[in-house]
Amino acid sequence: MHAQLQSVGCTLVRMTNMQRQGASAVTAAKCPQAAVELAEELQKQLGSVAPALMFVFASTSQPLSELLPLMAAKFPNTAVLGASTAGEFTERGDTKAAACALAIVGDYRVTVGIGTQLGQDPERAVGRALEGQPSHVHGYEYRTAILLLDPLAGNGEETTLIAATALGDDVLLAGGAAGDYLAMKETWVGCGPQVANDAVVIAQIFSKQRLGIGISHGHRAFSDPVKVTDAEGGIVRTLDGRPAWDVWREKTREHAAAKGLHVDELTAETIPAFLLQYEAGLSVGDDIKIRAPLQLVENGGISFACGMPTGSVFRITESEPDRQIESARLAARAARRQLGTAEPASAVVFDCICRNLILGERFNDAVHAISEELANAPIAGFETYGEIALNVGEMSGFHNTTSVVLAFPRSPG
Amino acid sequence: MSVAAFAAELAPVLGNEQALAMVHASVLHLGHRGDILFADQQRAILGWLGEKPGVVGAAARHLLRKFDGSLPSRSPPPGVAKVQGSKHPRSVVTRTELTAAFERSVSTEKAREIIDKACRAHGVVEETMSVEMATSVLEDLAITPGIIGVVARFAKARLALRFPADG
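The listed protein sequences derive, respectively, from chains A and B.
Be aware that the first sequence starts at 145, since it is given in the numbering used here, and climbs by one per residue.
Be aware that the second sequence starts at 26, since it is given in the numbering used here, and climbs by one per residue.
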C-alpha cells in the first residue's frame with residue numbers, strides 16, 4: 145500500500161482564555177453509532193472550531209477499520225490517527241470494549257502517512273510513511289512525531305530507531321504499539337481512511353510552542369542476570385542455553401507463588417497475562433529498560449514485543465501497584481514540566497497493558513494521577529503492547545510497561 | 026572517547042553488557058588498538074555495526090546519524106559548506122539523481138545497490154535528502170577504489186557546482 149500524505153493546516157483562530165483547546169470523548173456503542181457519538185461529544189465541547197489533530201483508540205468491539213474512516217469523514221479538515229487497543233481511557237477513567245478520541249485545537253501543522261509490510265521491511269515501511277512529509281514548516285519552530293505501529297511485526301525497537309534516524313535529531317518522538325485485548329492475533333493502525341495491520345503510521349506535528357513528554361516505569365529487577373543465547377528478531381529461543389520458557393518459570397516460581405500464581409498450572413490462555421507481569425529488564429546505565437514478553441512459541445521459545453538480540457543480558461522484573469501508580473504520576477509531571485510556563489491543554493497517553501494487569505481495579509487510580517498532574521485537562525489514551533518515547537537527542541525510544549505522556553500546551557489567549 | 030564510553034552510547038538500545046560486547050567485537054574485527062577511539066574509528070565501528078540486521082544495525086545507524094552532526098570526520102571539500110546539524114536544508118537531492126550519476130558507469134541495478142547501501146549507512150530511508158547529506162554519502166563512496174570512487178568524486182564536484190555554498 146503506497147503511503148498517502150494527509151497534510152492539514154489549522155487556521156489560527158483568535159481564542160479567548162475560555163476556548164477549549166482539547167476535548168476527549170468515549171463511547172461503548174458499536175460502529176457506526178460509535179462515530180456519531182464520539183463526533184457529537186467532541187463538537188459539543190469544541191464548538192465550530194476544527195481540531196488540527198485527533199487520536200482515535202478503538203477496542204476490538206469497534207474495529208478500527210470501520211471507525212477511523214468514519215471519524216475522518218466527520219472531520220475532513222483534521223489529521224485523524226488511530227490504533228486498536230488493549231484498553232482505552234480518558235480523564236474520566238478506564239474503559240473496556242469502548243472507543244475514545246482526543247481532539248486537539250491549536251496553531252499546529254500536521255502531516256501524516258502510513259507504511260505497510262512493516263515486518264518484512266521496516267526501513268521501507270518508515271520511508272513510505274514519511275514520503276512527501278516535510279522536515280520543517282516555516283514559522284513553526286518545534287517538531288514532534290507520533291509513531292503508531294503493529295507490534296506483532298516483531299520489530300518495534302528497530303522501527304522506532306529507523307524512524308528517529310530518518311526524522312533527525314531535533315524531533316520529539318512519542319507513540320505506542322497497537323493492541324488487541326491480549327488476543328495477540330491482529331493489531332491495527334491507521335490515518336484518515338487508511339487502516340492496516342503490519343504497518344506503521346508516522347505523523348509530524350509542527351508547533352510554535354514546545355510539547356512536553358514524560359516517561360516512567362515502576363519496575364524492579366529481582367532475578368540474577370539471564371543471557372539471550374539464541375534469538376531471531378523478537379523470538380527468544382533459549383536463555384543461558386536452555387528453552388526460554390523453562391528459564392522464565394524457574395526464575396519467577398517463588399515470586400509468583402507468593403502472589404498465589406503457580407507457574408506449572410499456567411495454560412496457553414493465561415501465559416500471556418503472566419508474562420506481562422514478569423518482564424525483562426535490560427540494564428541501561430543505572431536504570432533498567434523494560435522488554436515485554438508477549439507469548440509462547442514453539443519449542444519453549446518466547447516472543448517479545450521487539451527485537452532481543454542474541455547476547456543481550458537482562459534481569460526479570462516485577463512491580464507493585466503503588467510503584468505503578470506513582471510512576472504514572474511522575475510521567476505526567478515530567479511532561480507538564482517540559483511545557484515550561486504553559487498550562488496543559490490536553491494530553492495523549494500511551495500506557496502499557498501490563499499496568500492494567502498489575503493494578504486491576506486500581507488502574508483508574510493511575511489514570512486519575514495522570515489527570516491530576518495535568519490540571520484535569522482532557523486526556524485520552526490506550527493500553528499498548530509497547531510505548532515509544534524519545535526526547536530530543538536521546539538514543540533509545542522503544543519501551544515496555546512504561547507510561548508515556550505527551551502533553552499539548554495551552555496557547556496564550 | 027574510551028571504548029566503555031562509546032559502548033555507553035549504544036547501551037540505551039542494547040543494554041550495558043551487549044553494547045560493550047558489540048563494541049569490543051567491532052574493535053577486534055577492525056583491528057583497532059588501545060582503549061581510546063578517535064572519531065574515524067568510532068565512525069568505522071558504527072559503519073560496520075550498521076550493516077548488521079535488526080536492532081543492532083538500526084541502533085548503529087541512528088548513532089552514526091547523530092555523530093554526523095558533531096564528528097568532524099573529514100575536512101569539508103573546498104566550495105562546499107559543511108553544515109552541522111542544519112535544521113533547514115537549502116535544497117534537496119534525490120536518490121534517483123545519485124543513482125543516475127552511477128548508471129552511466131555501472132549497471133542500473135548495481136548503481137541502485139550502491140546508493141541504497143550508502144544511504145542506509147547514513148540512516149537515509151527517504152527518496153529525498155539534503156545537499157549536505159548527499160555530499161556525505163558521496164564522500165564515503167569517493168574513497169572506494171576503482172570506478173565507483175572516481176564516479177563519486179565527479180558527482181560530488183557536480184553537486185558542489187549545482188549548490189554552491191552561501192557567502
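Treat the hints as calculated values from the structure; they're not laboratory data.
There may be inaccurate statements among the hints.
Computed footprint of chain B on chain A; a stretch qualifies when at least three of its residues, placed anywhere within it, have a C-beta under 8 Å from a C-beta of chain B [what the hints assert, rightly or not]: (1) 419 to 431; (2) 455 to 468.
Restricting the straight-line Cα-Cα distance to at most 20 Å, the calculated cross-link-like pairs of lysine to aspartate or glutamate (DMTMM-like) are [to be verified]: (3) B:K77 / A:E376; (4) A:K371 / B:E42; (5) A:K240 / A:E185; (6) B:K142 / A:D265; (7) B:K77 / B:E42; (8) A:K240 / A:D324; (9) B:K77 / A:E275; (10) B:K142 / A:E275; (11) B:K77 / A:D374; (12) B:K142 / B:E152; (13) A:K174 / A:D324.
Label pairs and their calculated CB-CB ranges [as the list claims (entries may be wrong)]: (14) B:R187 / A:A417: 53 to 63 Å; (15) B:T119 / A:G385: 47 to 57 Å; (16) A:E184 / B:A29: 50 to 60 Å; (17) B:V175 / A:D430: 46 to 56 Å.
Don't be surprised by glycine CBs; every beta carbon is placed ideally from N, CA and C.
Against the structure, the hints come out as follows:
1. 419 to 431: holds (count 4)
2. 455 to 468: holds (count 4)
3. B:K77 / A:E376: holds, 13 Å
4. A:K371 / B:E42: holds, 10 Å
5. A:K240 / A:E185: Judged against 20 Å, a Cα distance of about 19 Å means the pair holds.
6. B:K142 / A:D265: The given pair, whose Cα atoms are some 15 Å apart, holds under the 20 Å limit.
7. B:K77 / B:E42: holds, 18 Å
8. A:K240 / A:D324: holds, 12 Å
9. B:K77 / A:E275: Answer violated: B:K77 to A:E275 is near 25 Å, above 20 Å.
10. B:K142 / A:E275: Given pair B:K142, A:E275 holds - Cα atoms ~19 Å apart, limit 20 Å.
11. B:K77 / A:D374: holds, 16 Å
12. B:K142 / B:E152: Holds, at about 13 Å.
13. A:K174 / A:D324: holds, 16 Å
14. B:R187 / A:A417: 53 to 63 Å: holds, 59 Å
15. B:T119 / A:G385: 47 to 57 Å: Once the Cβ atoms are compared, 49 Å apart, the range 47 to 57 Å for A:G385 and B:T119 holds.
16. A:E184 / B:A29: 50 to 60 Å: holds, 59 Å
17. B:V175 / A:D430: 46 to 56 Å: holds, 50 Å
Hint 9 from the earlier list is the only one contradicted by this structure; the remaining hints agree with it.
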